[in-house]
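J.: Residue-level listing of the chains:
2 protein chains.
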Amino acid sequence: MLPYKSMIKLDSNSRMPIYVQLANGIIKEISCGNLVPGLKLPGSRTLANHFEVHRKTIIATYEELEAQGWIETVPAKGSFVSKKMPVTKAQSFNVQKREIISPLQTSLFFIKKRFSEDVNEMVPKFTTFKYQFDDGVPDLRLAPIHVLARQYKSVLNSKLAAKKLNYTHDLKGNISLRKELAKYLSETRSINVTTENIMIVRGSIMGFYLLFQIILEKGSNVIVGETNFKAANEIMKNAGGKLITVPVDGQGIDVERVAEICKKKKIRAIYIVPHHHHPTTVSLSAERRMKLLQLAERYKFAIIEDDYDYDFHYESSPILPLASSDRVGVVSYVGSFSKSIAPAFRIGFVVAPEDLIDEMSKLRRFVDRQGDVLLEQAIAMMLEEGEVRRHMRKALKTYHQRRDFFCDLLQRELGDFVEFKKPDGGLAVWTKFDKKINMTKLSEAAAAQNLYIADSRRYDPIGKELNSTRLGFASMNENEMRAAMKILKRGIKN
Amino acid sequence: MLPYKSMIKLDSNSRMPIYVQLANGIIKEISCGNLVPGLKLPGSRTLANHFEVHRKTIIATYEELEAQGWIETVPAKGSFVSKKMPVTKAQSFNVQKREIISPLQTSLFFIKKRFSEDVNEMVPKFTTFKYQFDDGVPDLRLAPIHVLARQYKSVLNSKLAAKKLNYTHDLKGNISLRKELAKYLSETRSINVTTENIMIVRGSIMGFYLLFQIILEKGSNVIVGETNFKAANEIMKNAGGKLITVPVDGQGIDVERVAEICKKKKIRAIYIVPHHHHPTTVSLSAERRMKLLQLAERYKFAIIEDDYDYDFHYESSPILPLASSDRVGVVSYVGSFSKSIAPAFRIGFVVAPEDLIDEMSKLRRFVDRQGDVLLEQAIAMMLEEGEVRRHMRKALKTYHQRRDFFCDLLQRELGDFVEFKKPDGGLAVWTKFDKKINMTKLSEAAAAQNLYIADSRRYDPIGKELNSTRLGFASMNENEMRAAMKILKRGIKN
Numbered sequence: 001m002l003p004y005k006s007m008i009k010l011d012s013n014s015r016m017p018i019y020v021q022l023a024n025g026i027i028k029e030i031s032c033g034n035l036v037p038g039l040k041l042p043g044s045r046t047l048a049n050h051f052e053v054h055r056k057t058i059i060a061t062y063e064e065l066e067a068q069g070w071i072e073t074v075p076a077k078g079s080f081v082s083k084k085m086p087v088t089k090a091q092s093f094n095v096q097k098r099e100i101i102s103p104l105q106t107s108l109f110f111i112k113k114r115f116s117e118d119v120n121e122m123v124p125k126f127t128t129f130k131y132q133f134d135d136g137v138p139d140l141r142l143a144p145i146h147v148l149a150r151q152y153k154s155v156l157n158s159k160l161a162a163k164k165l166n167y168t169h170d171l172k173g174n175i176s177l178r179k180e181l182a183k184y185l186s187e188t189r190s191i192n193v194t195t196e197n198i199m200i201v202r203g204s205i206m207g208f209y210l211l212f213q214i215i216l217e218k219g220s221n222v223i224v225g226e227t228n229f230k231a232a233n234e235i236m237k238n239a240g241g242k243l244i245t246v247p248v249d250g251q252g253i254d255v256e257r258v259a260e261i262c263k264k265k266k267i268r269a270i271y272i273v274p275h276h277h278h279p280t281t282v283s284l285s286a287e288r289r290m291k292l293l294q295l296a297e298r299y300k301f302a303i304i305e306d307d308y309d310y311d312f313h314y315e316s317s318p319i320l321p322l323a324s325s326d327r328v329g330v331v332s333y334v335g336s337f338s339k340s341i342a343p344a345f346r347i348g349f350v351v352a353p354e355d356l357i358d359e360m361s362k363l364r365r366f367v368d369r370q371g372d373v374l375l376e377q378a379i380a381m382m383l384e385e386g387e388v389r390r391h392m393r394k395a396l397k398t399y400h401q402r403r404d405f406f407c408d409l410l411q412r413e414l415g416d417f418v419e420f421k422k423p424d425g426g427l428a429v430w431t432k433f434d435k436k437i438n439m440t441k442l443s444e445a446a447a448a449q450n451l452y453i454a455d456s457r458r459y460d461p462i463g464k465e466l467n468s469t470r471l472g473f474a475s476m477n478e479n480e481m482r483a484a485m486k487i488l489k490r491g492i493k494n
Numbered sequence: 001m002l003p004y005k006s007m008i009k010l011d012s013n014s015r016m017p018i019y020v021q022l023a024n025g026i027i028k029e030i031s032c033g034n035l036v037p038g039l040k041l042p043g044s045r046t047l048a049n050h051f052e053v054h055r056k057t058i059i060a061t062y063e064e065l066e067a068q069g070w071i072e073t074v075p076a077k078g079s080f081v082s083k084k085m086p087v088t089k090a091q092s093f094n095v096q097k098r099e100i101i102s103p104l105q106t107s108l109f110f111i112k113k114r115f116s117e118d119v120n121e122m123v124p125k126f127t128t129f130k131y132q133f134d135d136g137v138p139d140l141r142l143a144p145i146h147v148l149a150r151q152y153k154s155v156l157n158s159k160l161a162a163k164k165l166n167y168t169h170d171l172k173g174n175i176s177l178r179k180e181l182a183k184y185l186s187e188t189r190s191i192n193v194t195t196e197n198i199m200i201v202r203g204s205i206m207g208f209y210l211l212f213q214i215i216l217e218k219g220s221n222v223i224v225g226e227t228n229f230k231a232a233n234e235i236m237k238n239a240g241g242k243l244i245t246v247p248v249d250g251q252g253i254d255v256e257r258v259a260e261i262c263k264k265k266k267i268r269a270i271y272i273v274p275h276h277h278h279p280t281t282v283s284l285s286a287e288r289r290m291k292l293l294q295l296a297e298r299y300k301f302a303i304i305e306d307d308y309d310y311d312f313h314y315e316s317s318p319i320l321p322l323a324s325s326d327r328v329g330v331v332s333y334v335g336s337f338s339k340s341i342a343p344a345f346r347i348g349f350v351v352a353p354e355d356l357i358d359e360m361s362k363l364r365r366f367v368d369r370q371g372d373v374l375l376e377q378a379i380a381m382m383l384e385e386g387e388v389r390r391h392m393r394k395a396l397k398t399y400h401q402r403r404d405f406f407c408d409l410l411q412r413e414l415g416d417f418v419e420f421k422k423p424d425g426g427l428a429v430w431t432k433f434d435k436k437i438n439m440t441k442l443s444e445a446a447a448a449q450n451l452y453i454a455d456s457r458r459y460d461p462i463g464k465e466l467n468s469t470r471l472g473f474a475s476m477n478e479n480e481m482r483a484a485m486k487i488l489k490r491g492i493k494n
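Same order as they appear, the protein sequences are chains A and B. This note's numbering puts the first residue of the first sequence at 1, with every later residue one more than the last. This note's numbering puts the first residue of the second sequence at 1, with every later residue one more than the last.
In short, the hints are calculated from the structure, not lab data. Treat the hints with caution; some may be incorrect.
What the hints assert, rightly or not - Rough simulated footprint, nothing fancy, chain A against chain B, three-plus residues with beta-carbon under 8 angstroms:
1. 147-158
2. 442-454
3. 460-472
Claimed, not checked - Dumping the calculated DSS-like pairs for lysine-lysine here, alpha-carbon to alpha-carbon at most 25 angstroms:
4. B:Lys163 x A:Lys164
5. A:Lys163 x B:Lys153
6. B:Lys163 x A:Lys125
To be verified - Taking beta-carbon pairs under 8 angstroms as the criterion, some of the chain B residues facing chain A (in silico):
7. Met1
8. Pro3
9. Lys5
10. His50
11. Ala67
12. Val123
Note that CB positions come from ideal geometry on N, CA and C, so glycine has one too.
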């Protein structure tokens, strides 16, 4: 008899019944070629003794194997591995060795698209640090979680819950949320659209992904700032886009450069963050806004307007998005609740011409099937009851104070080593470090003291040696900022 | 003075302050070219009278406009539209007409990829009907929502909640869920892998999307059944795949045909549902399974194994997935909790070689940034406490009874008009209707009586005139099934 016991390991702690474990073990041995077609299996009594189990267990095993077609039982002769099975080259009986090959860890010959290691830098582990100068994340201790949880619960308890738990046919997103959003966008930023111009997505990243997949084809020219939100650049490249960069100054991206490029090349789209450019936080000036809209109309390119932190503006009112002045449908506008509620709740939205929204929603059918219907409904209710505004009003006051406190602190403690402009809005300060400071080393020294600070590479897509980074201030209270600054100062002085 | 009041409509019910409404109105008029660069704006007193608002409101408006760079105020001379603005061709003063052009509804010149209208058929509106023969959806009245809600709440209330509300760096998904899943997959289906072989996705659709985006390039050959899950076909095509179809019979897909194709062409991947083929519900026979694995090893193609309803098997134990016999890493296995918990909770998983999982997780960074961390944690806790198994045990008993009841009912009531085989598992019966029955008409007649039944086209990707459909039985109780059958019978007899 073959060494079945060393081939098939039973686990008495497993919740899988012993007879199923045995059957599965025998199936694997047949698959591996150790039990060949036509082989006679031991009698049930023999195998029961061998494994020290009840004979009925072996009978159940054989019945299961026969039902699945792996073995054939011939009355009065016994059980045989099915002769219909193809012959396989046997592997070693050495279980130890086999386990190394089997668990799906071999390198693959069919990966056709590989991303660079850079991608991992785009998912920094800042939450694992005690203090963090993040990219500009809100303080989640202030997040309106109890409000969201209450609304969520009432959605689950509602009469329609069972319907809402099913697949939805509304690929553009929950209609209540789209209605509330149409109202909200009109009231907060003068964008007047219908529900059919709005698609709810899982955060603004998904908005860009769907947009660029539809708008770009291989080799399409896209204009971006020399400094730019790196993830957006990757999304455009993934969709086939060829990136053309233009300088960014204190007024935002250089629109005159855009005009020159348009004269020479067919441009498909431009990606901008006019409200607070990422990473430098500057606002696009009024005349550049108008000029850009005119260029888009004349040369027929799409403006993808990223407005991820519209709500966070401290000086005068937030500036109106380009989308609010769009006369012909050249602007696609992407916003998000990730920062106003919490990043874990992936709710963003795209506002665009209806036919573009239609195509995006069809693509979504194949990306994630549908959005989070229950969460969307809960957020619709929060909007309707004014809870998002109420929270934002409170949060904005806190972040305004923190910005002022932080900028004073930064000037006082590191004024000799850094340059920065107090930002009009947003949750981070764009900070240029003295050339003598090696930011990679500084970042490492800080990490050793439990402080996260991104080094310059994170914000420098085309390698301009900016020696700059974003110092997110919003997620820390004043004591934490002081402690973080102390660590940073020590890192600089050493 | 220009007719400002007819150009700018103030809304006293809006939550946007009047001075901001006025500023936004003026910005739009500048953008549209109705207020030209250098134009002198009315004095604050004059405009205040014109709009019947307080003079301070107009002063605030002008301050706002100046802060944003739209106007310039010259002491003792007044306020002027900034001369830096580019000149724009003016639009009509007629507000009515303007509103038609402005709200982002114009047709676009930059949509580069269009989906066919078929996509809308892949999102049927069955939840809007009183009775439905759906594709095989569980009864959501039985969904373990109170259990999930309890776990979800305890995640939100936990000390670590604030960290979990932030961005995560774990693109493969919550590590607790991946650990529980590794255990669960080993115990329920003999797939032995580490957490690094697992990626949590938003339902199996997203698993296929990410997999095929990484595995396929333009023109890659992919084998699928002649009848097949249509959405999967679309996902493969979207990733560049060229589909080659093979027949499907009572033993599953024709593996001999696969072998013949491999001799002639380079095949990149095969997509199969070996447990219960979609739509026909047949299981792939044991010898075909072995043969297929051998072919994949020899010809180096990827097997994408869709096991969306592993948990729903009534006769003997569920058949082990191909992934459990994979020796070299050719199988990528995709499963889901959408059917065992509820479709609205988008939790699926991919089990694959580690380097493939790595690439998929990098792509996800640009698709939706990250998964639903809180939900993943809640489901990890449900798995850990055995709540998923407990629910499935109960649900399976109900669905087993419903299958038996439904198949009896179908035979008794429509035996003369349909052919079907009682399925060993799954939540739907693949049913062939007599040729004389026009299924499109039948589907319409049923819809008029509040019963959803898909016509044959939904399951017939290559137009074989199957005159067959899936009759999902699980979402209806016995009374509902009787009522639905009555409607269907009436539709056939008329």
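J.: Answer holds if the nearest beta-carbon of chain A is closer than 8 angstroms to that of B:Met1; otherwise answer violated.
T.: 23 angstroms, violated
J.: The hint names B:Val123 as touching chain A; please verify it with the least Cβ-Cβ distance against 8 angstroms.
T.: It holds, given that the least Cβ distance between B:Val123 and chain A is near 4 angstroms, below 8 angstroms.
J.: Quick one, are B:Lys163 and A:Lys125 close enough, alpha carbons at most 25 angstroms?
T.: 11 angstroms, holds
J.: Would you settle whether the hint for B:Pro3 is holds or violated, based on the nearest Cβ-Cβ distance to chain A being less than 8 angstroms?
T.: With Cβ-Cβ at 19 angstroms, over 8 angstroms, it is violated.
J.: Hint validation: B:Lys5 versus chain A, beta carbon distance must be below 8 angstroms. Holds or violated?
T.: Check failed: Cβ of B:Lys5 comes no nearer than 18 angstroms to chain A, outside 8 angstroms.
J.: Residue count check for the region 460-472 of chain B against chain A: does it reach three with CB-CB under 8 angstroms?
T.: violated (count 0)
J.: Answer holds if the nearest beta-carbon of chain A is closer than 8 angstroms to that of B:His50; otherwise answer violated.
T.: 20 angstroms, violated
J.: Does the structure keep B:Lys163 and A:Lys164 at a Cα separation of 25 angstroms or less?
T.: 29 angstroms, violated
J.: Verify the coverage statement for the region 442-454 of chain B against chain A, using a C-beta to C-beta distance below 8 angstroms and requiring 3 or more qualifying residues.
T.: violated (count 0)
J.: Does the interface hint hold: is B:Ala67 within less than 8 angstroms of chain A, judged Cβ to Cβ?
T.: Constraint on B:Ala67 satisfied, holds at 4 angstroms.
J.: Has the region 147-158 of chain B got at least three residues whose CB is nearer than 8 angstroms to a CB belonging to chain A?
T.: With 3 residues in contact (Cβ-Cβ under 8 angstroms with chain A), the coverage given for the region 147-158 of chain B holds.
J.: For A:Lys163 and B:Lys153, compute the direct alpha-carbon distance and say whether it is at most 25 angstroms.
T.: Holds: A:Lys163 and B:Lys153 sit about 22 angstroms apart, inside 25 angstroms.
In this structure, the hints that do not hold are numbers 2, 3, 4, 7, 8, 9 and 10, in rising order.
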